[in-house]
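K.L.:
Protein chains in written order, with numbering that gives the first Met the number 0: chain E, 0 to 507; chain A, 0 to 165.
What the hints contain is simulated information worked out from the structure, not anything from laboratory work.
Given the structure is predicted, the values throughout are model-derived calculations rather than measurements.
Virtual Cβ for every residue (Gly too), placed ideally from N, Cα, C.
A hint or two may mislead.
[Stated by the list, open to error] With beta-carbon atoms standing in for the labels, derived distance ranges: (1) A:W126 with E:K295: 49 to 55 Å; (2) E:P16 with A:R125: 38 to 44 Å; (3) A:L99 with E:Q411: 30 to 36 Å; (4) E:T244 with A:R145: 46 to 52 Å.
[Stated by the list, open to error] The calculated BS3-like cross-link candidates involving lysine-lysine, where the alpha carbons are at most 30 Å apart (straight line), are: (5) A:K89 with E:K226; (6) A:K123 with E:K226; (7) E:K288 with E:K101.
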Amino acid sequence: MEAFDLLMTGFDTLLTPTRIGFMMLGIILGLLVGVLPGVGGTTGVAILLPVTVFFEPVSALVMLAGIYWGSMYGGLITSILFGVPGNPWSVAVMFDGRPLAKQGKAGLAMSTGFWVSFFGAIIASVLFTFFAVPFAEMALRFGPPEMFAVLMIAFGTFIGMGGSPGKALIMIAAGFLLSTVGLDVVTGQPRLTFGTIELMRGFHFVPITIGLFGIGEVLANAAERYKVQIEDVTRAAKLGMHDITAGARAVFSNIGLASSSAVLGFITGILPGAGATPASFMAYGFAQKISKHPEKFGKGAIEGVIAPEAANNAAGTGAILPMLVLGIPGSPTAAILMAGVFMWGFIPGPRLFTEQPEFVWSFIASLYLANIAALLICLTATPLLAMMLRTPYAIMAPLIVVLSLIGAYAIQNAFLDVWLAVIFGVIGFILRRMDYPLAPLIVALVLGFSTEEALRQSLIMSDGSMAIFFQRPLSAPIMVVALLLFMLPLFRMFLRRYRRRQQASTGE
Amino acid sequence: MTPIWMRTTHRAVEIGFIIVLLFLGVVIVNESVRLGPTWGESGPQAGFFLFVLSIAMILGTLGVAYVNTYRTPDMRPFFEVPQEVEDLLKVGLPIIALVLLIPLLGMYVSAGVYLAFFMAWYGKFRWYSALAGGIILPVALWITLREGFNISMPMSAFYRSNILPF
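Using the sequences and the hints, build the whole thing.
P.N.:
What follows is the structure in structure tokens.
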């Protein structure tokens with residue numbers, strides 16, 4: 000019951016008008032960026048991060064986290080109504096949400112989505128509350144080799160899970176390399192600066208993130224404008240009392256699926272490097288596999304809305320856990336939040352729980368309150384949110400651009416960062432077009448310093464032998480799992496070849 | 000005759016990207032060798048991490064090069080219709096112009112000019128709507144950033160000669 004007492008302290012700290020105010024502001028902003036195509040939750044958090052440097056830390060964290068939760072809810076509105084996912088993690092809900100909307104059941108699909116998002120997030124928050132302390136206690140026993148092994152799991156996940164492994168590897172290496180520009184912390188030598196003084200302080204990851212996600216998405220949307228025809232279905236966005244109760248009933252009659260998707264999502268979220276997007280796809284596949292009528296999926300099965308939404312909200316919550324406990328974010332958004340924690344003067348890691356219990360526990364308390372608030376806003380104000388979509392493109396796009404540039408500049412008051420954001424915007428556009436994953440780049444950029452530090456310290460401990468990672472009781476199993484993740488694409492390739500050969504020999 | 004940017008395939012862009020990456024890889028290997036890629040007196044030298052990473056990047060690039068340009072090349076055009084290039088330039092070039100304006104006009108005035116221009120030119124708004132947008136945006140930003148959070152932004156020449164507060 001220790002966790003319960005700590006949670007109560009958290010509520011005490013959180014319940015001041017300013018903090019609740021900032022939390023609500025964050026949620027509303029998050030709902031807006033979730034609804035608007037072209038700005039995702041990641042962009043929203045990155046753009047507003049520089050502003051929060053001047054806030055008191057608890058308000059800053061609950062506001063930024065509020066943007067994240069809000070965008071989780073908001074994303075499903077556009078997915079269902081327009082088939083335009085506002086976030087990558089709202090793609091899976093589109094498969095069945097969009098057909099439901101076409102059958103005139105948009106209200107039911109949305110209210111089910113909101114209810115189940117809430118349900119998933121609350122399950123994850125409870126798990127978070129009770130797992131946080133044991134996790135932190137375990138993490139306290141981690142030395143540099145264990146840290147390095149866990150970091151390798153994060154990057155192994157990027158390589159092992161979907162997409163082209165070569166492209167993921169390139170993006171990880173590029174992120175790490177960008178993070179090494181500047182002075183080497185151990186020896187003080189300038190690295191990759193090529194004699195310029197501007198590069199000595201290195202690249203801050205905020206302008207790069209803003210460029211890749213903010214400007215990059217503006218450019219990507221500009222090029223795709225010719226095919227997106229947003230019809231005016233704002234009238235369909237009305238949620239009646241009937242829809243709200245029907246949605247709650249739909250979740251209740253699928254409570255088993257919702258709970259298992261939430262737990263699946265939470266576990267995927269904790270895995271460093273996985274995050275909400277793969278969780279939503281996994282839950283969708285899982286729901287289809289256990290369904291009694293799998294043929295209805297993709298044609299408007301309500302389970303197809305329930306599973307991915309429960310999973311992605313749970314995963315979003317889960318992704319914060321390794322960020323706070325280990326300093327290893329589970330998703331790009333968590334990575335940006337972690338940078339915020341640094342900027343507000345704290346060091347993420349197990350000691351945060353003993354040294355700053357108020358900060359940590361008021362954040363955990365905010366998980367509960369933020370989700371209740373987000374649910375209430377969604378159930379009552381969806382028509383209002385959908386109306387935001389009527390904002391003309393010629394106003395929306397410049398606003399995003401201006402806010403992006405302001406965010407890029409504000410982080411270190413450097414004009415070079417504004418150019419950096421624009422350059423990475425162009426790079427982000429090209430990478431997106433060529434299916435290079437952007438998440439590994441951001442996570443590697445944020446984690447570059449700690450990864451190099453962990454690797455160097457481990458090697459100093461072992462006098463240069465890589466065997467240290469496999470000799471310690473804690474790091475050995477973690478490292479083996481990480482290596483397996485890295486090898487996964489190779490296994491898959493051999494399996495495919497083997498099957499093809501079998502087919503070739505039996506097919507004649 | 001179709002212009003060159005309409006004939007560019009995904010594969011061609013990929014090849015260009017791979018060449019850039021390989022070039023960067025060589026530059027970084029070179030830098031890591033300068034910094035020392037091996038074991039120093041008391042631990043790994045400054046170039047060790049760089050060396051490992053540049054090798055990883057080069058290996059990844061070669062893998063992608065093999066799969067995407069030789070095994071299963073993607074011959075779809077990079078841009079499908081001319082409209083894409085046009086929209087991209089219409090949105091992209093004003094952004095560059097905005098960044099070029101900032102040192103001269105400061106963040107606030109440039110943002111206003113940019114919004115007004117984009118509204119009138121791309122959005123076909125009437126001139127007074129565009130003008131209103133161009134005035135409301137900098138004032139609102141200034142109130143939030145300067146007065147609200149005390150965040151400093153690049154100021155304009157008007158600020159230096161005391162004509163405008165930003």
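K.L.:
State for each hint whether it applies.
P.N.:
Against the structure, the hints come out as follows:
1. A:W126 with E:K295: 49 to 55 Å: Since A:W126 and E:K295 have Cβ atoms about 54 Å apart, the given range 49 to 55 Å holds.
2. E:P16 with A:R125: 38 to 44 Å: Distance hint for E:P16, A:R125 holds at roughly 42 Å.
3. A:L99 with E:Q411: 30 to 36 Å: 21 Å Cβ-Cβ, so the 30 to 36 Å window is violated.
4. E:T244 with A:R145: 46 to 52 Å: 48 Å, holds
5. A:K89 with E:K226: 16 Å, holds
6. A:K123 with E:K226: Distance of about 20 Å is within 30 Å: holds.
7. E:K288 with E:K101: Holds: E:K288 and E:K101 sit about 24 Å apart, inside 30 Å.
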